[in-house]
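*Asks:* Sequence:
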Amino acid sequence: MRQAWEAASQALTAGDLPRAAGLLRQARQSLIDALSDLRLADARQEATLLIAADRLGEQLDAYLDALEGLAALAHPRPPAGAAPVRFHRDYASAVRNGLRSMAAIVLAGLFWLWSGWTDGDMMLLVLAPYCSLLATAGDPPAGARAFLRGCLYAVPAAWVCAFGVLPHLDGFALLAVALAVFWLPGILATSSPRTAFGGLAYLVAFNTLTAADNPMQYSMQAFANHAVAWVLATSFALLCFQVILPRHPGRDIARLRRVIRDDALALLRGKRLADAGWQQRQQHRVAQLGALLKGRPAQLADALAQSLAALRVGLETQRIQRLLANRALPPQAQRLAQAGLDRLARGGAPASRRSQHARRAARLLAGQLGLAGPQRPAVQKAMAAFADIHWLIQGHAAYFDAHPFLEPPRAE
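Take 1047 as the starting number for the sequence shown in the working numbering and just add one per residue.
No wet-lab data here; the hints were simulated from the structure.
This one's a predicted model, so the numbers in the text were calculated from it and none came from an experiment.
Among the hints, a few may not be true.
[Stated by the list, open to error] Straight line, CA to CA, 20 Å or less: simulated DMTMM-like cross-link-like pairs of lysine to aspartate or glutamate:
id	residue 1	residue 2
1	1340	1185
2	1317	1388
3	1340	1298
4	1317	1185
[To be verified] Distance ranges between label pairs, derived from CB positions:
id	residue 1	residue 2	range
5	1354	1133	11 to 21 Å
6	1440	1394	14 to 24 Å
7	1102	1202	48 to 58 Å
8	1388	1423	18 to 28 Å
Virtual Cβ for every residue (Gly too), placed ideally from N, Cα, C.
Please take these sequences and the hints and turn them into a complete structure.
*Replies:* Next up, the structure:
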């Protein structure tokens, strides 16, 4: 398996995607063939080995999907009937950000009416799209600060360019070179996610304030009005996203961890969901959780371990549901597996107590291995899935049993 990984990596480095995918498919088939004849005297050891092999197989499948996606980029059109990707939608944050955007525009409009400023419309024209961008950002206050910082850099740069450089130039070639010199810092800033918002604000504000035209018109009054409009617009955005309905990262983290856990336990209680959509939403939530905790390494390790355990519980539950739906198990094993799922879904006991039913189902299915005949691989999968559910929940019992879910401390 290691040789296949290394060979596929070398082929991918050389740009040979088909060869890399072929090597991984061969490795996947070799893994399936090796598991088909697996028979150990200790059912616990057999379940442990099957769980590890299943996870390795899933990693191979995910890598193959990624290679297919890379290969699709070489085609002019995407393949027809591509499956849509499901994302986690945080409606509470969306409503809060929408209200803050509305408040920013309303307050800026009231300021314009109160001041009687003739160029106040420019302020609203800048504020509206920026609020739309910030409303979808992961950390709107940080984005608003970056917008204001980029705007403050753009004002003196545009003044130097418009009144110090352009009056001495003649011809498009010199104009393009002069503008490119001022564009370069913004372009470099947008190439990094950390400074992308600031770079975007710098580029847009600089081009608007410079107002290169043919013929060029130099008006210090118009420049000052537009510069003040840009600074006030980004200041209003920062004020509203920082002060109105302020964000609580600890609450967002706790909500994400709770949703990840509750969706896994919902499957355990018998809820039926589309396999791919459920997994994609959970993975997106785990990625968002990692982004929120990237500055807290100790909490990040614990939160990711618990969230990935919840993801695995859901995947193993879906594996058992598929085996039962396809009637891949012998009749007696089918009844035992169905009874195990029913017991897991029954009652309001904590998850750590209900997981004992998963251990019992795994033991009963282990007793059916010798009687399964050609359906032994399916019984092995069901046994390993029940055992994995038990071990995962017991290993993170405090996480699966917590109610209500506590927020992490605010201190960094």
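*Asks:* Are the hints correct? Go through all of them and say.
*Replies:* Here's how the hints hold up against the structure:
For a cut-off of 20 Å, the pair hint linking residue 1340 to residue 1185 stands: about 13 Å separates their Cα positions. For the proposed pair residue 1317 and residue 1388, the alpha carbon gap of about 11 Å is at most 20 Å, so the pair holds. Our distance criterion of 20 Å between C-alpha atoms is met by residue 1340 and residue 1298, whose separation comes to about 14 Å. Only pairs whose Cα atoms come within 20 Å are accepted, and residue 1317 paired with residue 1185 is rejected, the gap being roughly 33 Å.
At roughly 18 Å, the beta carbons of residue 1354 and residue 1133 sit within the given window of 11 to 21 Å. Taking the beta carbon of each, residue 1440 and residue 1394 are about 19 Å apart, inside 14 to 24 Å as hinted. One distance hint, 48 to 58 Å for the beta-carbon pair residue 1102 and residue 1202, holds here, with the actual separation near 57 Å. For residue 1388 paired with residue 1423, a C-beta distance near 24 Å keeps the hint of 18 to 28 Å intact.
Hint compliance for this structure: hint 4 is the single one not met.
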